Amino acid sequence: MAEARGAAARGAAHGRNARAPELIELYRRMVTIREAEKSCGALFAAGEIPGFIHLSDGQEGVSVGVMASLRADDTIASTHRGHGHALAKGLGLDGFFRELMGKADGACKGRGGSMHVADLSVGMLGANGIVGGGVAIALGSGLAQKLRGGDGLAICFFGDGALAEGIVHESLNIAQLKQIPILFVCENNGWSEFSPTSTQVTFTLEKLAAAYGIPYVGADGSDVETVAELAADVVDRVRRDRGPAVLEFATTRIRGHYEGDAQRYRQDKAPPVDPLLVARARLDERGVPAAEVEAIEADIRAEVRRAVEAARLSPDPTLESAAEEVYAPVEATA
Amino acid sequence: MSEARFAHAINRALDDALAADPSVLLLGEDIANAGGTFAVTRGLLDKHGPDRVIDMPIAENAIAGMAVGLALGGFRPVVEIMFMDFMTLTMDALVNQAAKLHFMFGGQSAVPMVVRTQHGGGLNAGPQHSQCLEAWFAHIPGLKVVVPATLDDAYALLRSAIDDPNPVLFVENKALYPMKGALSDAPPAAPIGKARIARAGSDVTIVSYGAMVHQAMAAAEQLAGEGVSAEVIDLRTVQPWDEAAVLASLAKTHRLVIAHEAVEAFGVGAEIAARMAQIGFDELDGPIMRVGAPFMPVPFGRGLEVDYMPSAARIVEAVRATDV
Chain A
1 MAEARGAAAR GAAHGRNARA PELIELYRRM VTIREAEKSC GALFAAGEIP GFIHLSDGQE
61 GVSVGVMASL RADDTIASTH RGHGHALAKG LGLDGFFREL MGKADGACKG RGGSMHVADL
121 SVGMLGANGI VGGGVAIALG SGLAQKLRGG DGLAICFFGD GALAEGIVHE SLNIAQLKQI
181 PILFVCENNG WSEFSPTSTQ VTFTLEKLAA AYGIPYVGAD GSDVETVAEL AADVVDRVRR
241 DRGPAVLEFA TTRIRGHYEG DAQRYRQDKA PPVDPLLVAR ARLDERGVPA AEVEAIEADI
301 RAEVRRAVEA ARLSPDPTLE SAAEEVYAPV EATA
Chain B
1 MSEARFAHAI NRALDDALAA DPSVLLLGED IANAGGTFAV TRGLLDKHGP DRVIDMPIAE
61 NAIAGMAVGL ALGGFRPVVE IMFMDFMTLT MDALVNQAAK LHFMFGGQSA VPMVVRTQHG
121 GGLNAGPQHS QCLEAWFAHI PGLKVVVPAT LDDAYALLRS AIDDPNPVLF VENKALYPMK
181 GALSDAPPAA PIGKARIARA GSDVTIVSYG AMVHQAMAAA EQLAGEGVSA EVIDLRTVQP
241 WDEAAVLASL AKTHRLVIAH EAVEAFGVGA EIAARMAQIG FDELDGPIMR VGAPFMPVPF
301 GRGLEVDYMP SAARIVEAVR ATDV
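One line per chain: the protein sequences are A and B, in this order.
All letters in the first sequence, in the order written, are residues 1 to 334 by our numbering.
All letters in the second sequence, in the order written, are residues 1 to 324 by our numbering.
Simulated from the structure, these hints should not be mistaken for laboratory data.
Note that the coordinates shown come from a computational prediction; the quantities given were computed from them, not determined experimentally.
Warning: the hint list may mix true and false statements.
[As the list claims (entries may be wrong)] So, partial list: chain B residues that the calculated Cβ filter (under 10 Å) puts toward chain A:
hint	residue
1	Leu27
2	Arg52
3	Ala67
4	Met82
5	Asp92
6	Asp164
7	Pro165
8	Leu284
9	Pro287
[Unchecked claim] Calculated cross-link-like contacts (lysine to aspartate or glutamate; reagent style DMTMM-like; alpha-carbon spacing at most 20 Å):
hint	chain 1	residue 1	chain 2	residue 2
10	A	Lys178	A	Glu259
11	A	Lys178	B	Asp30
12	A	Lys178	B	Asp51
13	A	Lys178	B	Asp46
[Unchecked claim] Computed footprint of chain B on chain A, listed as stretches where at least three residues anywhere in the stretch have a Cβ under 8 Å from a Cβ of chain B:
hint	segment
14	99-110
15	125-139
16	147-161
17	165-177
18	319-329
All C-beta atoms in this analysis are idealised placements derived from N, C-alpha and C, irrespective of residue type, glycine included.
Model the full assembly from the supplied sequences, consistent with the hints where possible.
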């Protein structure tokens, strides 16, 4: 189990944060991601989504919990496993599905796809096909937030696989050195693609953060309430203190590295901890009627179905229109 | 008009850009307190402050990546990468990120950033501090590559690069920094992508850019003494390059030589030669000749490096080989 659940499973002590959204709302957002991912899997299997996709099933608690504290003017840079981040930050289902299906009216006009989906209007600076590729971009975005004044911040999401990348180390150093308002959020699912991360790095992120003098909090990412409360506290602190912080969440990668990955390399036989089931059980405990929860789920399923149908009817882009946007026109910002 | 050094033209362009636009800022190693390895940014910290002229640790990859984030965040970062050889460490940020974002995000955002760096030999700096790698970047859709040859152009092209909404690699030749020349009080604008006729001629076209323009001019001078009239085109911008200007000159002279300091194989000259062979075939009265460095790392030893670097004499030889 340790193999697949990363290094940060220790729960950090914390109190209930009044600013964290109610569990029912957090659950609704997680279901939206899960249902979207389910459809992605089916569309990919049917050949309707080209390329390759990396589903974020099991990591919804982190996307939803962290994003609950963010504003539209806060920015995030994401990873190749970025669907959940994009949806939680505010990318609509229509733009999302149209982009993944490569349509002209997709969020990125069908030129980015799953690994490069972005929506700058909601501060989502892009998924990234390069492991660690978004980290320094978020750092620059955080510096922009600082130089602009105000209390905006930047977040970089990265997986534990990126811990071995030099850019993470360079960026932690610079973030602390220059006191940049950035939150480094590691989704530690224990896997660096096809290899256990324990076979790839000799340190823990907690110790790494300590080496750079950056405050660190680690927690269980399958408990969306815990994530939301911790994130609210840490985001508040970064907003106020204008310096970096590191959050690490132990998560589960329910699907393979990419869709279609049979995961023959996996030894862990224990069932994954599913953040949706954790939250669902808690809703039951608190007496939220099952009918109410099921109605939410049915609504979301219908919404996703509608977005997929709309994407199917969307036009394909042309090479001519793509060729026009290799460069931004000089007069646009001159 | 005043006499100045090439490095000063760049300093003035940075100074004026910082003064003109509050979104411009400089990032680089030793550029603030130390004023830059070649003193190009000297004095700018005092004038514009530490929020605009920012010393960075020795972390080229992160510096370039941060520039992308700053550009997306409404700033116009101008990064200095101390030697072009160190651009190897910025490749993800430049090639996978900066170059792609406008296209890959469906035109949602531009990435207005400049990376200033310097290339070239002549200082016996050896294989890891002398390379001319501009062809790499010219090969990447989404990047622009500018290489000035004169003081006025160094100023005007850098201002154009900073104003450009795209990522621009601005390459200065280190051997040019101490070069003295005339710097206009208000240098004429130099739009990216437009070549300049450095010397008009009618018998052969010599296309060049950067420091090699001066070798081309010396070659033209020598050829004039032999009764051969050479037209020297200063490309100024390698990507996008001014195909129309080269073709127009070829249509006039019917002979073409391309000279650059970078190694000849798979270089900028190869692209220009291929295009002109395709679209200017009917204009050609002789073979297209290339002058570049031999296919080897830049050697260190004094004599070795002199022999390695393309010269006016080699350009003259190449002109003769065009059947002029």
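Here's how the hints hold up against the structure:
1. Leu27: With Cβ-Cβ at 9 Å, under 10 Å, it holds.
2. Arg52: holds, 9 Å
3. Ala67: holds, 6 Å
4. Met82: Status violated, d = 16 Å.
5. Asp92: The hint holds - aspartate 92 (chain B) has a Cβ within 10 Å of chain A, the shortest such distance being about 6 Å.
6. Asp164: Check passed: Cβ of aspartate 164 (chain B) comes within 6 Å of chain A, closer than 10 Å.
7. Pro165: Since the shortest Cβ distance to chain A is 4 Å, the answer is holds.
8. Leu284: Interface hint status for leucine 284 (chain B): violated (29 Å vs cutoff 10 Å).
9. Pro287: violated, 33 Å
10. A:Lys178 - A:Glu259: Status violated; Cα separation ~39 Å.
11. A:Lys178 - B:Asp30: holds, 15 Å
12. A:Lys178 - B:Asp51: Status holds; Cα separation ~11 Å.
13. A:Lys178 - B:Asp46: Status holds; Cα separation ~19 Å.
14. 99-110: Holds: 5 residues of the segment 99-110 of chain A have a Cβ under 8 Å from chain B.
15. 125-139: n = 11 at 8 Å, threshold three: holds.
16. 147-161: holds (count 3)
17. 165-177: holds (count 7)
18. 319-329: Result for this restraint: holds, n = 6.
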